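Peer 1: Add chain B to chain A, keeping to what the hints say.
Residue numbers (my numbering), protein chains in the order written: chain A, 350 to 854; chain B, 430 to 1113.
Hints should not be assumed to be uniformly reliable.
Here are a few chain B residues that sit away from chain A, every Cβ distance over 10 Å (derived from the structure) [unchecked claim]:
#1 R485
#2 Q491
#3 L507
#4 Y593
#5 A641
#6 T837
#7 I965
#8 V1047
Only pairs whose alpha carbons sit at most 30 Å apart, straight line, appear in this in silico BS3-like list of lysine-lysine [what the hints assert, rightly or not]:
#9 A:K513 - B:K1083
#10 B:K920 - B:K597
#11 B:K462 - A:K809
It should be emphasised that the hints constitute simulated quantities derived from the structure, not laboratory data.
Owing to the predicted nature of the structure, the values given are computational and were not obtained by experimental measurement.
For each residue, glycine too, the CB sits at the ideal point set by N, CA and C.
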Amino acid sequence: MIDTNNLLLQTILVPAIVSVLTLAVGGKLKKNTGWIAFITTLYVTGIFAYITLQLFSAPPGTTLEAAYEWGPYIGQFSLLADGLSAPIALTIAILTTVISVYSIAYMEHEHGIGGYFTLYLLYTAGMIGTVLTTNLAAFFFFFELMLLPSWALIGIWGTGEKEKIAFKYFMFTEVGALALLAGIVTIRFMVGSFDIFKIASRTTEVSLSVLTAIAVAMLIGLFIKMAIFPLHTWLPDAHAEAPTPISALLSPAMIGIGGYAAIRILYTGFPRVLANWQFTTTITALALVTLVYGGMMALAQDDIKRLLAYSSISQMGYLLLGIGSLSMIGLAGATLLYVSHGLSKAILFMVAGIFIHNLKTRSIKSLGGLGSKMPYAATASLIAFLGLAGTPPLIGFWGEFFIFTGSMYTGFAGALEPDITRVVITGLAVAASVMTAAYGLWTIRRVFFGPVRENLGEAKEASWLMIGPILVLTALAVILGVYPTILSSIIGPVVSGLASAVFGA
Amino acid sequence: MSEVQWIWPAWLCWAFPFLGAILTPLLAKIHPKVRDYGAVFFSMLGAAMTAMMIPRIFEPGQINNQLTWITLPGAPVLSELKAGVIVDPLSIIMANVVAIISFLIMVYSIGYMKGDPSLTRYWFFMNLFIGNMLLLVMSDNFIQFLFGWEGVGLCSYGLIGFWYKDSKNDYLKCWVGEGKEAYPPSHSGMKAQIVTRIGDAALLIGLFMIAAYSGTLNFIDLQNGAINKVPLWVLIPAAILIFGGPVGKSAQLPLMEWLPDAMAGPTTVSALIHAATMVKAGVYLVGRLFPILYLATWSSGTPNELINFFYLVAWIGVITAFVSATQAMASGEIKKVLAYSTVSQLGYMMLALGVAGSTAEFFLGYAGGLFHLMSHAIFKAALFLTAGAVIHASESRFMRDMGGLRKTMPITFWSMALTAFSLMGIPVVFSGFWSKDMILETPLVAGQYPIFILAILTVGLTCFYTVRMLGLTFFGEKSHRIKKLESEGHKIHEVSPVMWVPYALLAAATVGFGVTGYFLKDWFEELAHEYLSSLIGPLSGEFASKGMPLDQATMITIVSSLAMLAVGALPAYYIYVKRARDPTKMTAEGTTLGRVWKFLNNRWYLNRLCYVVFVYPVIGVSGWILKNIETQVIDRFNYALAGTVTWFSNGFRKTHTGILTYNVVGMLVGFTILLILLARIAMG
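Same shape as in the complex, but just chain B:
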């Protein structure tokens, strides 16, 4: 069967990175360079495997291949779990985005992490991550998916806390935050794991609820009707709980606070895990579940209450997008700006999928979400990699220690600028423009205008913080720090090719996909239409969407995003690029702008809220219970019990006098009683 040619890359693409991870400690014993190139080699193999599957995108159906994995004989549900892979357009696109960008970042790592004493651990976790991420993407059932999902969470934990010694000397390199909210790497890693675990707990509860009825956790079986065995009053909370997993993993409200602090990890980690791939896993899961839940909502023609699930996804997406964009505007660390930006853009993807599910023209939103996922991965990875270069150069994570780097680091500047333009959505030649506009059109077509308004406002905010970031980093005067470094003899210079080639390639890709964007956009729509129709099947009933026709939506989107571009970018240009005004004076204490800035800089106090409401009380209550109940009540009770018994026996002991007279009298009395009893028994 010609299917075989697509199946073995599907298994090997994640097996090879796993193999690379396991071999890394052994290769390290041979020679450090063998270890380094070996690690990159295995990630390249993974990318080669995913690339081999690309031709299959053009056929919409799904290929499924399974192996028996675990048996629990006699179980009413889940008695046999099979491991398997799905090869379809969704998994192929996602796998390639992951594998190719991973490979480029591994190459960049050779330069960026040079000289680090713990490189073996680094390569191990990076390859383990890539393997788990691809495992997650290719899985055909929830449990195998969970293995990958938790696996990437573990690698994220290990890599965020990579420099776990928390040395104060590295404050400018790998701590995150300032003042009371300054966190060392080990804290950030732990925080990431625990916050995402809350989402995972919700995900698990939802899974259990579904499995109890459907009997299977295989995506294809669920699609083919097993989902209909779940009654609606169970399916709705289950779907919402399952969405908790993506909320955690993709850092949406209310579980977003771990991602900005994850910037304590090496920049390669931030680029790979927290921009391009792992955080997209949540979006991917929603995309994978989309046909299943869409069918459950719309199969009768008019939508049932499950549509609320999609509304929830859309609203959480758009509110997150807005809130985190505001936080990006006021952040002083370059990686944090990009982190908030990532959260915001992920919100856009959730928005797209959510709106798609709540309307008849689902393919537009689905295609938009998918296109933006790919588009964002490319430009955000590049933005992080270039940020790594400037952090390296200025030896600080704060933008106030940068400035004027345009002339000394031209390749980095242009790579960052081009990809930043893609993020802003500057028309026509940047892929970000096409993908973002697809997302913006979706709520208009679906008739959900409030969502559109919030989304378009966020475009303005995006433009502002992006231009601000470019301005502070590359324009203006050189900062004190840079001047000091240069006076000490460290000349600021462009990075080595092993570092700039990857991000230059990504910048070229974002332009390439932009130039072909007009055709790409149509292609994605067609693909989504065919792919989803083949899964969902023909939907009966007549339903017209409540929004506006597509060309009208496109027109409005283009005009309003251009307007927002101006509204956002021009003031930022004025203040941060031309340096016509001093932003510190504008946001001084006491001014309105200053108060706004403080609120945004403090992350809407959401982070502090988490600690005050959840962390400190739990620890405090536990300690209180330990002191006052466990020790005072329960332990005391034991000793009270022992004391009572001792009191009793001490009292009773007094009858044992040891005086012969009393003993004899006692014996005689007892003997007499016995005789009387015996006589009574004998007499009947």
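With the rest of the complex left out, here is chain A:
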């Protein structure tokens, strides 16, 4: 259906416009500027919640589209909310909403708060734009719009060697963006349009190796964003030294967008490339390596934010496994994993922020026995880690379950004969998921259980501005876990079409 109320455009424009406002009033309102950001993002969340419900009650396969005339060469500025992009956009919206509240408390003593929330809102607009658009030029625009505010946020309000780390983050992502741009420009040449949906039909005569080269170029950009091994080194520093509310957006919301884009662009535009066994198996193997490597590095960390950063790398490994599964079940799982990782990682970063803000420490060694002092934080952290480990009845279970089922299904019953390599890789990935439980439970134990350290005697539960957002996300993780149909029933038809393009009709 056509977006006659310009809802989709509003979700991008409103934060962008309000960001100017926050800059103006930031000096006077100080930390309460955050409430303006909160209202804005709440409005955006409301729009996406409404859209998701509409899609849920509409016949399967319904989408919401908007197209605006843009320029003769660039084509239309087209936006699409379907079963794939709506859940992701909704997750981003929810995260930005609750974290804006969290930021009010966390950043209370910082300077230049107006600027902080300006960049925050621009960052939001960038992320949402990336997810909604189906025009590759606009996609690139929003991709960069995500990068610049986050670079500034890390560089100004971060910790440690923040300028250097922000620069490293910028350079890495920018190189990736340029690779992405190279691919996009080449496509424009060949296809005559920036529209994603026109690529497949207009490149039927192009040789497979050329298409693969283009796909690889674009994937380099997206994989840097997702922090797939070995392109991951920017992430631990960036997420660890970013101001914690921004870490809680960088990790859960932003890096997964690379995965979303990979699904959208690869499956819609390059199905022949995916049908190539070497290509897909390489992706699957890379996913396994990322999964294991991230987990092992997480096990070895003492800095809690670095641990969570490596955990995110590991989770992106799962996402990539879903992307490479060539099965609609795997793609659905990847989408659900995005949601679950988004919720869980945001919770965990916010709890880490509580330690930094109230207890002034990030080191796990200096924490201990906090369960009795901070019961809500402890419960939320446990639920979050269990979600990462794929425990029912949380949404994380469904994400991982569907990813593995999809990959195994392709391995056994897919278009190629029993693909033992894939089966083995998937089996190893399931086995490696024990490591997620291990680092999660071990961290819970070191931080929340055991005797309370003497210097932590004064610790107590954080203020409602910080705990409230955490609890909202925790509740969502449980509710969606028990009843994921609200998402799975709209994701299904879309990814079904995407997956069948690879081998089938």
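Peer 2: For chain B alone, coordinates are given in the frame of chain A:
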């Protein structure tokens, strides 16, 4: 339809405990006593619901009721998952065992946990556990089953680590182990979760393999033929991997080491979760899968290679039974003896199901496994509850701090003794005798004599460690500790009725089922025969079992178990009850017996092996990779890249001299080149 009357208890029996768990924090705000009695009330409702289903046991078929749960439109498999319940003899028996014993243990908890500051959390997890356990039992499909399975694992984690402060003051109360292997509660909880998760990972892989072909994970659909869509070369590894889940959850080798350390939790938790119910979930899953896999093995009349799955189950069962029984003989903590005993008895149940699947007379082993599950739940729960009473009295978990309690705690003594006799399998009046003998007959009838020999030897070991436990606890002189407590004014006395009534009832039940055992045994066999036949259907082909006829097997079993009773119990009686010899001197350093004791006391070094082979290396390798690859190689590479670029631009910068003469010359040269190029283009 008259089926409705069986359906709504099937849903409510687990819904009520869940409701109780959610309401607990709210009730706690009203008044602590409201919270306590409220929690017990909801578990009672659960038991009432399961009891309402009992009359249905006598009809063998299955009732299935489903609700749409999750849709994934367009999926080639699992596009629609329905939540559902199965009401059949297996689920009814298991549900009642769980719910009724849970209720009794909740009552006991009122006395046992009195005064604990975190009771709200306790009741929450206990009810959440009961709900998840019943959910697992009643589920009609693997995914819903997994929800319950992981749910009980989570509650187990939370309850083992209940006293998570790990206070050293509670060393004698809730730590477990000694010396280098002393573990606090939080460690034990984490260990339990991670070890069972390894089993769960295997279970999941097996599930994925099956789902890829069968398209469904519903037990009834699989039974009705969907399993045949799975080719054998996939089904065999899948079945073995799925068995990994029960190996973890039911603490069989090689994943048994979490259970002894789970004793760090409150004794009520040990009784409920780690004796009577959760650990049985693995056995239950094997039982639930039994008709499915049996049909896949035997449908053509002669068994195919899937029979190896059943052999594996039987052998893992019997070896676990033997090994853990030896470990029980040398343990100094009363709860650990009972923990090893539980592992051992679970091994018997696995043995029964495994042997049943590998023979034509499947119903004997199946019935035996099921009967022993019920029998064991009753007497093991009572044993743990009585152990809780004596630990409470002597304020220590070590049997060396007990002794001579027979006169001061008579009800506890008799409850423990009677249920211990059931564990040993003392003939006729104890249910343990009948159920265990059914299990022992099975390998004889199936012709698997090595299994029988190991199993019967384990009977001897069982008798030994049981009598040892009774002797150390109740007989002999009072220990130093008790004497000290009494001199300080704490008189050792019997526990309050809210604590002894539950275990006295369980002791009475074990005797009751024993006295009726002869008829019960036949009833179970008939039930298994009818129930499984209705599921598996008539099997074609002629196959005679390779073993001996049933009455001969029964005779041999009775005689050999009596012999083993004597071999095991009499020396233990001599040493530990009559205290005619000093066991510490007998197992002194350097003696053969001493070396054996040390080996057994160190759990065959299996526990240490887990840490040395798995835990420390993984952490160590991760740290090594972090230091040497992540920081040295990959990070360095980035800076090397940046350095190269900087070097290049520094070099190139030297061409920007800023001296006007060079700039002008450069401009002229460039201009000339451009002119030449333009001229060439213009001229074609």
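Peer 1: Run every hint past the structure and note whether it holds.
Peer 2: Going through the hints against the structure:
no. : hint             : verdict
1   : R485             : 28 Å, holds
2   : Q491             : 24 Å, holds
3   : L507             : 7 Å, violated
4   : Y593             : 4 Å, violated
5   : A641             : 4 Å, violated
6   : T837             : 35 Å, holds
7   : I965             : 26 Å, holds
8   : V1047            : 7 Å, violated
9   : A:K513 - B:K1083 : 26 Å, holds
10  : B:K920 - B:K597  : 25 Å, holds
11  : B:K462 - A:K809  : 28 Å, holds
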